[in-house]
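Chains A and B are the protein sequences, given in the same order. So the first sequence is numbered by my numbering: it starts at 1 and just counts up by one. So the second sequence is numbered by my numbering: it starts at 1 and just counts up by one.
A couple of the hints might just be wrong.
Identical chains share a label here; the pair holds if one copy fits it or two copies do between them.
[Stated by the list, open to error] In silico DSS-like pairs for lysine-lysine, Cα to Cα no more than 25 Å straight-line: (1) 2 with 159; (2) 168 with 103; (3) 215 with 2; (4) 318 with 215; (5) 159 with 103; (6) 168 with 45; (7) 209 with 159; (8) 66 with 103.
No lab work stands behind these hints, which were simulated from the structure alone.
2 protein chains.
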Amino acid sequence: MKTLQQSFSVAFQYPVHFTQGIFQQENPLIRNIFSANLNGYAKRKVFVVIDDGVQKCFPTLHQEIKNYFSTFNGSIELCGEPLIIPGGEFSKNDNGLARQIIKAINDFGIDRHSYVIAIGGGAMLDLVGFAAAIAHRGIRHIRIPTTVLSQNDSGVGVKNGINAFGKKNFLGTFVPPYAVINDSQFLTSLHDRDWRSGIAEAIKVALIKDASFFKYIEEHTTQLLSRDMATMEQVIYHCAELHLNHIRSGDPFELGTSRPLDFGHWSAHKLEQLTLYSIRHGEAVALGIALDSTYSYLSGMLPERELEKILSLLKTLKFELYIPEMSFHLEDEQHPLNMMNGLNEFREHLGGVLTIMLLEQIGRGVEVHEMNLSKIREAVRLLEARSK
Amino acid sequence: MKTLQQSFSVAFQYPVHFTQGIFQQENPLIRNIFSANLNGYAKRKVFVVIDDGVQKCFPTLHQEIKNYFSTFNGSIELCGEPLIIPGGEFSKNDNGLARQIIKAINDFGIDRHSYVIAIGGGAMLDLVGFAAAIAHRGIRHIRIPTTVLSQNDSGVGVKNGINAFGKKNFLGTFVPPYAVINDSQFLTSLHDRDWRSGIAEAIKVALIKDASFFKYIEEHTTQLLSRDMATMEQVIYHCAELHLNHIRSGDPFELGTSRPLDFGHWSAHKLEQLTLYSIRHGEAVALGIALDSTYSYLSGMLPERELEKILSLLKTLKFELYIPEMSFHLEDEQHPLNMMNGLNEFREHLGGVLTIMLLEQIGRGVEVHEMNLSKIREAVRLLEARSK
Numbered sequence: 001m002k003t004l005q006q007s008f009s010v011a012f013q014y015p016v017h018f019t020q021g022i023f024q025q026e027n028p029l030i031r032n033i034f035s036a037n038l039n040g041y042a043k044r045k046v047f048v049v050i051d052d053g054v055q056k057c058f059p060t061l062h063q064e065i066k067n068y069f070s071t072f073n074g075s076i077e078l079c080g081e082p083l084i085i086p087g088g089e090f091s092k093n094d095n096g097l098a099r100q101i102i103k104a105i106n107d108f109g110i111d112r113h114s115y116v117i118a119i120g121g122g123a124m125l126d127l128v129g130f131a132a133a134i135a136h137r138g139i140r141h142i143r144i145p146t147t148v149l150s151q152n153d154s155g156v157g158v159k160n161g162i163n164a165f166g167k168k169n170f171l172g173t174f175v176p177p178y179a180v181i182n183d184s185q186f187l188t189s190l191h192d193r194d195w196r197s198g199i200a201e202a203i204k205v206a207l208i209k210d211a212s213f214f215k216y217i218e219e220h221t222t223q224l225l226s227r228d229m230a231t232m233e234q235v236i237y238h239c240a241e242l243h244l245n246h247i248r249s250g251d252p253f254e255l256g257t258s259r260p261l262d263f264g265h266w267s268a269h270k271l272e273q274l275t276l277y278s279i280r281h282g283e284a285v286a287l288g289i290a291l292d293s294t295y296s297y298l299s300g301m302l303p304e305r306e307l308e309k310i311l312s313l314l315k316t317l318k319f320e321l322y323i324p325e326m327s328f329h330l331e332d333e334q335h336p337l338n339m340m341n342g343l344n345e346f347r348e349h350l351g352g353v354l355t356i357m358l359l360e361q362i363g364r365g366v367e368v369h370e371m372n373l374s375k376i377r378e379a380v381r382l383l384e385a386r387s388k
Numbered sequence: 001m002k003t004l005q006q007s008f009s010v011a012f013q014y015p016v017h018f019t020q021g022i023f024q025q026e027n028p029l030i031r032n033i034f035s036a037n038l039n040g041y042a043k044r045k046v047f048v049v050i051d052d053g054v055q056k057c058f059p060t061l062h063q064e065i066k067n068y069f070s071t072f073n074g075s076i077e078l079c080g081e082p083l084i085i086p087g088g089e090f091s092k093n094d095n096g097l098a099r100q101i102i103k104a105i106n107d108f109g110i111d112r113h114s115y116v117i118a119i120g121g122g123a124m125l126d127l128v129g130f131a132a133a134i135a136h137r138g139i140r141h142i143r144i145p146t147t148v149l150s151q152n153d154s155g156v157g158v159k160n161g162i163n164a165f166g167k168k169n170f171l172g173t174f175v176p177p178y179a180v181i182n183d184s185q186f187l188t189s190l191h192d193r194d195w196r197s198g199i200a201e202a203i204k205v206a207l208i209k210d211a212s213f214f215k216y217i218e219e220h221t222t223q224l225l226s227r228d229m230a231t232m233e234q235v236i237y238h239c240a241e242l243h244l245n246h247i248r249s250g251d252p253f254e255l256g257t258s259r260p261l262d263f264g265h266w267s268a269h270k271l272e273q274l275t276l277y278s279i280r281h282g283e284a285v286a287l288g289i290a291l292d293s294t295y296s297y298l299s300g301m302l303p304e305r306e307l308e309k310i311l312s313l314l315k316t317l318k319f320e321l322y323i324p325e326m327s328f329h330l331e332d333e334q335h336p337l338n339m340m341n342g343l344n345e346f347r348e349h350l351g352g353v354l355t356i357m358l359l360e361q362i363g364r365g366v367e368v369h370e371m372n373l374s375k376i377r378e379a380v381r382l383l384e385a386r387s388k
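Just need the whole structure built from these sequences, with the hints factored in.
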């Protein structure tokens, strides 16, 4: 019996650009990305996929993209018409959409050194990212996230996926994008609810990593509520930076059992499902933050004064702290509609021992491997009482 | 306009074990693999998939596996019955098989820290590896390759995939296995053709990397032809070692345009397709080696004496140096059945500029970015003439 031990590291890098008006002729960013990588190539191919929600708000986008690429003098070939596909969480349930994108990659002869650009919200970026990741074992994928949530959180990370068997992200991979471009002009058309809900992920990362960022958000609630773009750009930039730092210094492909950026997410995912996705991901995350912060307080980890600050910030930003789905069959641990099932689903998706991030102070998270179900119930009742 | 630059490395490791009789009760290998990784777990789940070709040759395997796991006292749970699926290249065309494996992963609640074991030939391992790689963004996957070819080449590497749109490995990922177990007992049942054809990949890696290994194979043709297991184990071990070293020191996830281990493969892939997979992958690789070695000689890179040694070794090991499919429509560059189309398909799969490995001496490959079509024709005719 003999053994050879294989061991190697793979280096990954990608830029996250912050800009405005990415497809305006005078914006050189995309031109620069492509021309910097022509080595040996006569031309590069690009295939563009657009979220139909974005296309509706920016009806000329389609044409702007064609105009933008038409000035490249043949060094970049835009393949066919941009493909417009449905966005939102439901699009990730549709295996046919992934197949449609993969088929286009084949039809246009997009190779590993050509590009698929996706423009849209987080769910749609996950879907296109998955298709690009498995075609030819990985096409270059450029993400242009168009919501607060995707610009400051999922869109800058290394995951993609689609839903299967009724489970969120059951199929997916860890594959870094080739580049991310955050264009704040896309945020102008967001509904108020989407504008605000994306702030939940910024609060989340502030709570577990950066007390001064939490303070910044606290001090800028008026600007955020009045949709001041400079403030939102600042929040997105800093949140994306914390997210990128975390991936870099942590466990980017989640080979271990810990996933600290998922603070508040075990219940959030389940509540999205229990509400049939009628609440936004950010709204669900705000509920999850309220719940796990309250649980941290009830466990004697987080001082009451800090809990009050957290709940108060969420309320000021008009997040609900409680919805009835949190109490569904709360006493019946076996009931499939009991939110606490989310704990086991969360563990199963990540694998390994249950690992949940809680708070010991604003700006500092701490991981535990068990949650007390009675204390979760107590936290739910406390939030219910407050919300009356 | 601002930019954040993301940059990180991910470390991967996995063992390649060489053993005999992996599911005999007294073999502790699998028991050790699992018990070393129980940390915090009451038990681990294991789901086993078997190539039907292997099951036919080892009809008691199924039962041996159940017996083996039954002695684990509950620390390892074998999920359901081992799933038996068709092997061979055609199985990779069947998207339904990947879905069937993914569905079983879901049904059995296999999480990222549980295991899928695949026992079979290279094609079947590629298929199961792909399913395991995308379920939950990656289940732990243990490969037990059962052919010479998979034990010394594809089975020890980091790629998986299935075919789509008539293209080999159109869908796939780069994901290292959790462990590889090469059990030489599986080789005893191979047909002579499969036993021999696997040697082609060993000759390939010797030609581009290790002249002394080429010499070893030259000096042991009698033993190899008479199916001496100790010699074959030596060839497999050394070939796997060269393969692992190459991955480690090169570009494991093929982010660049070079793929030196694919010496002889541009025509091999195409010839497999043109013969409707009636020739073995190893036989196709032997043809590709003969062709690109002859081309290297005709280009003045490889001395004639060395070409003679290569062709003579291939002949001694009973490989064909020429098949009629190499000449189909050879003068008509536009014809879809012209083998030379393989050049462009090879480039498209890998992306970037065409990069082909040729030889300047036995044991030393050299990459070129262009092949002269007339010289390829000349090489084909030279091999045709020799084979008469």
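To see whether the hints hold, each was checked on the structure:
1. 2 with 159: between (36 Å within a copy, 23 Å between copies)
2. 168 with 103: Classified as both; 24 Å inside a copy, 15 Å across copies.
3. 215 with 2: Answer is between; shortest inter-copy Cα gap is 23 Å, intra-copy 58 Å.
4. 318 with 215: within (17 Å within a copy, 76 Å between copies)
5. 159 with 103: both (22 Å within a copy, 21 Å between copies)
6. 168 with 45: Only across copies: residue 168 and residue 45 sit 22 Å apart there, 32 Å inside one copy, limit 25 Å.
7. 209 with 159: For residue 209 and residue 159, only the intra-copy Cα distance (21 Å) is at most 25 Å; the inter-copy one is 36 Å.
8. 66 with 103: within (21 Å within a copy, 41 Å between copies)
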